[in-house]
Amino acid sequence: MTSTSEVTGAGAAASAPAAAWRRAILRSPTLEREVALVLALAVTILIFANASPHFLTAGNAVQILRVSVDLAVISAGMTLLIIMGGIDVGVGGILAVSAIFIGRAYQIDLPVPLVVLIGLSAGALLGAVNGLLCARLRIPPIIATLGTMYIWLAVLFLVIGGQWIAGLPRTLGPLVNGSVFGVPAPLVVVAVVYGGCAILLYGLPFGRHIYAIGCNETAARLAGIDVVRVKVTTYALLGGLAGFAALLYVTRLRNVEINIGTNLALEAIAATILGGASIRGGVGSLLGTLLGVFFIKVIQNGLVLAGVSSLWERVIIGSVLLLVLVVEAVRARRGRSRGAPG
Amino acid sequence: MSRLSTALPATSFLAATAMLAIGIGQAAHADTIRVAFVPQIQGIPYYVAMENGADAAAAEFDVEYVQQGPTSTNAVDQLRIFESFVNQGFDVVAVSPVDVATLLPAIAAAREAGVHVITSDADAPGSERELFVAQALDQDLGYTVMDEVVARIGEEGKVAIVSDAPTIQSLNNWIAFIQERAETTYPGIEIVSVDHTDGTAARAFQFATDAMTRHPDLEAIIGIASTTCPGVAQAVEAADKIGEVITTGYCSPNTAREYVKSGAMPFTVLWSPYDLGYLTVWAARQLVDGEPIEGQMTVPGLADPVTFIEEDQILLLGPPAVFTADTIDDFDF
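Top to bottom, those sequences are chains A and B.
Taking this note's numbering, the leading residue of the first sequence gets 1, the next gets one more, and so forth.
Taking this note's numbering, the leading residue of the second sequence gets 1001, the next gets one more, and so forth.
Pulled out of the complex, with its shape left as it was, chain A reads as follows:
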């Protein structure tokens, strides 16, 4: 429990907001990872640009943004959760159930603001259930979220009953396909979500509580932090973001299919870990996560454009993830053997 990053994280939890911002930016334990990811992304882009003349075009960049937006939104919430020492392996199930509520709400012609409200609250509510299971009943997060995911997926089967919800309206389409003063809308959506999460994480006491719980939950409790409240809120926040992602998904694909959300949780966790978060909690970077999301989506896109079989995609992402974790483990061991953190 005395690795470099965790100590830094605990420091951040105790200092004033301004210092926390400075520390977050300048002395971030994940700065190295972010730089490495930018370099990796640059190299990947160069390789693909070389392989296909259609890769490095504005149109393709916008396409990548459009298909990244739901994963990016969910990964922001996942980052906060993993920093807090939690995890949600069933967030795809939350997206699925929210999508059903959204689809049904559209089908009975509810006004759009109400549809949005329903989608967001369905997600937040399901997230809060996970939070209560983890915080109140102390069920390990992987087990709790896996358990609820199975229930949500069963709900999906029972409600849809073998009939996909199809042909939904594209009223929210501008959020994914539009643009604001020439800036593609998905970029604006991502900026708002990540900006909001950054303020929460680095600017508000709530963010310091997340770090504190992720570093040492017992110490956080003894320091007077309402651990249950923070945990439930963070799980609910991820749930709400999953509800938002469901809105984006439904508006983009205009149907709710039986396999909706498959692989989403794993991709979000992969992006978060790639981005520098520690699965043990206390460390993580929103910027890193966003880079991780783009890394995954650029590889998915680039392989197709380069004419490489899509079967290689998981091999590549899996290998990069393992590489990152191995490097991390080796460095952690060296750090410990020197016995001098930081």
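These aren't lab readings, by the way, just hints derived from the structure by calculation.
Among the clues, some could well be false.
What the hints assert, rightly or not - Selected chain A positions facing chain B (in silico; Cβ < 7 Å):
no.: 1; residue: Thr-218
no.: 2; residue: Ser-319
no.: 3; residue: Val-320
To be verified - Residues of chain B clear of chain A, computed beta-carbon distances all greater than 10 Å:
no.: 4; residue: Ala-1106
no.: 5; residue: Asp-1195
no.: 6; residue: Gly-1231
no.: 7; residue: Ile-1314
no.: 8; residue: Asp-1330
Using N, Cα and C, we set each Cβ at its ideal position, and we do this for glycine too.
Given the coordinates of chain A, work out where chain B should sit on it, guided by the hints.
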């Protein structure tokens, strides 16, 4: 086509479940036989339609019918369900394999235990299954899609294929026949890529979009499973390329309907799963009763005759159907 226009009875899901529950509760009397079917996935409209057809045949031929599949196209989950039906002593267990290799030993063991095993909807080549109840020949399906595509884009052009999991044998067979037709009959058609999704519309959308980016002159995208159809058609709509790029595939009318009408997917090729489920139960009954299955036969309840192909032990429902904007509203699955 008359065979296909049989109206689907509005059997409710609950009613079917209740019937099953009662059926399992009572011991089968002498004449009733118990037939189980393991589809590739539970809960998609296609297999629900098959179940409706099977239920109708079950009532007709004194059969107790149960249908249960995995919740994702997972070979191991499917194997578990298959084995549980064998262990429960069903007279006939039918299966649409997700992955043939996984099922081979289980099929052999079931036969050894005296259980009739048939494949339906998808085959398990090289297994000890007694019969394959086929909706349409893989070759006919592959050729039909290619012919219909060519009828719309001409004999020159680039075509991309987006499929579901690479382990589903029937999908791979159709792809192979599409490719064979292109190579042997339409040398001007170039199949530029075959990509595999995880079953979500999002990935199908992504592959279709990326294929259009890579080939600005792409003329057609074929979605090989119903899971990929909405995604590929939506990609063409989102790219504003209706009329420039056509999409098609083996898509159930319900998943394709909106896109068939918008013009993004001018046609889709499939068969009636209702009739296929019906034929499966009929074949199971014939098998248990030791009645002959041979040549051309008329099945009570099916409009058109079915054909038995001796050398491969295939019971064939008929030629594939092409659904277009004019006909698609006659079908609900």
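| Beyond 10 Å from each Cβ of chain A, as asserted for Ile-1314 of chain B | Ile-1314 of chain B clear of chain A: closest Cβ-Cβ about 27 Å, beyond 10 Å.
| query | For the hint on Val-320 of chain A, does the least C-beta distance to chain B fall short of 7 Å? | reply | 19 Å, violated
| query | Per the CB criterion, is Thr-218 of chain A less than 7 Å away from chain B? | reply | At about 39 Å, which exceeds the 7 Å cut-off, the nearest Cβ of chain B leaves the hint on Thr-218 of chain A violated.
| field | chain A versus Ala-1106 of chain B - minimum CB to CB distance exceeding 10 Å, so not interface | value | Nearest chain A Cβ is 25 Å from Ala-1106 of chain B, so the label holds.
| task | Test the statement that Asp-1195 of chain B is away from the interface with chain A: the closest C-beta pair must be farther apart than 10 Å. | result | Per Cβ check, Asp-1195 of chain B is inside 10 Å of chain A; nearest 4 Å; violated.
| request: Confirm or reject the statement that Gly-1231 of chain B sits farther than 10 Å, beta carbon to beta carbon, from all of chain A. | output: Since the minimum Cβ distance to chain A is about 7 Å, Gly-1231 of chain B lies within 10 Å and the statement is violated.
| task | Compute the least Cβ-Cβ separation between Asp-1330 of chain B and chain A, then decide whether it is above 10 Å. | result | 17 Å, holds
| message | Less than 7 Å between beta-carbons is the criterion; does Ser-319 of chain A satisfy it with respect to chain B? | response | Violated, about 19 Å.
Hint compliance for this structure: hints 1, 2, 3, 5 and 6 are broken, all remaining hints hold.
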